[in-house]
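Novice: Spelled out from the first residue to the last, the chains are:
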Amino acid sequence: MEILRANNISASYDKNIVLKNVSFSLCAGELLSVIGENGSGKSTLIKCILGLKDTVSGDILYADDLKPCEIGYLPQNPEIDSSFPASVREIVLSGTIAGSKSLFYTKTQKETAKKAMSFFDIENLKKSCFGELSGGQQQRVLLARAICSAEKLLILDEPVASLDPIATAEFYTCIKKLIKKKKIAVIMVSHNISDTVSVSDKVLHLGEKSNFFGTTEEYRNSTLGKRFLGGETNA
Amino acid sequence: MLNSIFAMFSYSFLIRAVIVGILVSLCASLLGVSLVLKRFSMIGDGLSHVGFGALAIAGALNLAPLAVAIPVVIIATFFLLKLKETNKDGDSMVAIISTSSLAIGITVVSFSTGMTTDINNYMFGSILSLSKGDVFLSIPLTIAVIVLFILFYNRIFSITFDERFAKATGQNVEILNTLIAVLTAVTIVLGMRLMGALLISALIIFPALTSMKLFKSFLSVTISSAVVSVLSMLVGMILSYNFNTPAGAGIVLVNLTIYIIFGIIRFFNA
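As you go down the protein sequences, you meet chains A and B in turn. The opening residue of the first sequence carries number 1 in our numbering; numbering runs sequentially from there. The opening residue of the second sequence carries number 1 in our numbering; numbering runs sequentially from there.
Note that these hints are calculated values from the structure, not bench results. Any given hint could turn out to be false.
[To be verified] Each computed DSS-like pair below joins lysine-lysine, with the alpha-carbon atoms no more than 30 Å apart: (1) Lys110/A / Lys167/B; (2) Lys114/A / Lys82/B; (3) Lys127/A / Lys38/B; (4) Lys176/A / Lys167/B; (5) Lys216/B / Lys20/A; (6) Lys38/B / Lys101/A; (7) Lys38/B / Lys183/A.
[Claimed, not checked] The following label-pair restraints were derived from C-beta to C-beta distances: (8) Ser57/A / Ile75/B: 33 to 41 Å; (9) Arg164/B / Val56/A: 17 to 25 Å; (10) Arg164/B / Thr106/A: 41 to 49 Å; (11) Leu234/B / Asp64/A: 57 to 65 Å; (12) Asp91/B / Ser134/A: 28 to 36 Å; (13) Ser134/A / Phe243/B: 46 to 54 Å; (14) Phe111/B / Val56/A: 50 to 58 Å; (15) Asn3/B / Lys110/A: 50 to 58 Å; (16) Ile223/B / Lys107/A: 21 to 29 Å; (17) Arg164/B / Ser134/A: 16 to 24 Å.
Ideal Cβ positions, reconstructed from N, Cα and C, are used throughout, including at glycine.
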């Protein structure tokens, strides 16, 4: 089932066009990685998908029952102070606010948060202070919060940028498990090209002159892919 | 000591001061947690100076002080929050606004009445300065602040912790920030009479920072701030009544003492 489709969208940042004629589509259970150098418009694209920014031309089509506010989102290195007093449970629960009209947490919301915590194996940490957790644990907490706000589409903005190699591997395992069990669609933005491509189903490469969209296999065989993945495909 | 406490509560103006004091300190401590964590804590200082200017002008024109000061300070809050968001040099702009307001206030006062006790009270606070009218206005306003805070508690946590996520998932961040700003403005103006323009910001900053020394979840910090704040208010008032010192100063010193005690406990726990 198709979740999201973008037709020839263009968008600007500070009056400069940074996205030009980008098209892609994404189905449930797929992982799309969005790669490109700094300034190639990755963050702008995310803002357009989340409905925080208007496109200059082209349109983004969502599946019938999906609204921009129902998309789970993991922000790029969230600037959260380590002295911020917040327990894991409080943070995960806050992910359920988006779709709710009730001012206080309902039973369903508490249940959603509980499921999300047990899915990412952080239930034993629910009373711990967020600032005292390791980078990998913090990332899992934020993921649990993200899936509380949406169960269909999840957008991860540079999720592994601040993780060490072991935590990165664990993170990818988590994402794979999430896609397999929940049939959720994931968009992952990254500048670490070779790592990201190896875990994804589809690739959207935002280049200076042209963009590439296709399956991972097609990307590996494309001129752009060969240039960026370099040694891997030649070896 | 105990006798003098009983004697203290036989004066109706003191009972008024205590009621308003408890309500204002509760409001300030609740809002303070969010303001401190969002790094807006010095906004209290800026606003109280604007409040002083507004009260001075209201006094000179013979207008009701709170009716003038509350709207002026609410407008100033929006302005200061916008400055903080858009201007990297927000801190110095806040200083320019607050010192200018203070200067305007002082000038207006010396042209009209001169530096009377009334003005002295606005600067340093006094438990004698609360009129019956003030109390009638203060009680419903502070209760409104507390009720709104409780109703929006979960959402306030969400935007304090991670505003970007809240925005991305479709929460109305603007309205919540506006709500916090208005509640803060009302609290500052009401608290100024008691604490003084120079000391009111302590009421916002101290309880939150003290509680963060020992507590690690948002809820426990919020509850602890409320308790610390009300306790400091009461003890501070009783002490300053007994030693005949300005109430605001006494309350800040009790807050400082609790801050140090919490710091010591944390040191020995670590």
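Novice: Give a verdict on every hint.
Specialist: Tested hints:
With a C-alpha separation of about 21 Å, the suggested pairing of Lys110/A with Lys167/B holds against the 30 Å cut-off. Proposed proximity of Lys114/A and Lys82/B is contradicted: the alpha carbons are some 38 Å apart, above 30 Å. The straight-line distance between the Cα atoms of Lys127/A and Lys38/B is roughly 22 Å, inside the 30 Å bound, and the hint therefore holds. Taking the CA atoms of Lys176/A and Lys167/B, the gap is about 27 Å. The hint holds against a cut of 30 Å.
At roughly 46 Å between alpha-carbon atoms, Lys216/B and Lys20/A are farther apart than 30 Å, so this suggested pair is violated. Simply put, Lys38/B and Lys101/A have alpha-carbon atoms about 25 Å apart, close enough for the 30 Å limit, and the pair holds. Of the pairs offered as hints, the one joining Lys38/B and Lys183/A is violated, with about 37 Å between alpha carbons and a cut-off of 30 Å exceeded. For the pair Ser57/A and Ile75/B, the supplied restraint of 33 to 41 Å holds, since their beta-carbon distance comes to about 40 Å.
A C-beta distance of roughly 23 Å is found between Arg164/B and Val56/A, which places it inside the suggested range of 17 to 25 Å. Restraint check, Arg164/B to Thr106/A: a C-beta distance of roughly 25 Å breaks the suggested window 41 to 49 Å. Checked against the given bound of 57 to 65 Å, the beta carbons of Leu234/B and Asp64/A, roughly 59 Å apart, stay inside it. A hinted range of 28 to 36 Å holds for the C-beta pair Asp91/B and Ser134/A, which are about 34 Å apart.
The beta-carbon spacing between Ser134/A and Phe243/B, approximately 51 Å, falls within the hinted interval of 46 to 54 Å. For the pair Phe111/B and Val56/A, the supplied restraint of 50 to 58 Å holds, since their beta-carbon distance comes to about 57 Å. The given range of 50 to 58 Å is respected by Asn3/B and Lys110/A, whose C-beta atoms sit roughly 51 Å from each other. Between Ile223/B and Lys107/A the C-beta distance comes to about 23 Å, which sits within the given range of 21 to 29 Å.
Taking 16 to 24 Å as the suggested C-beta distance range, the pair Arg164/B and Ser134/A conforms, at roughly 22 Å.
Going through the hint list in order, the structure does not satisfy hints 2, 5, 7, 10.
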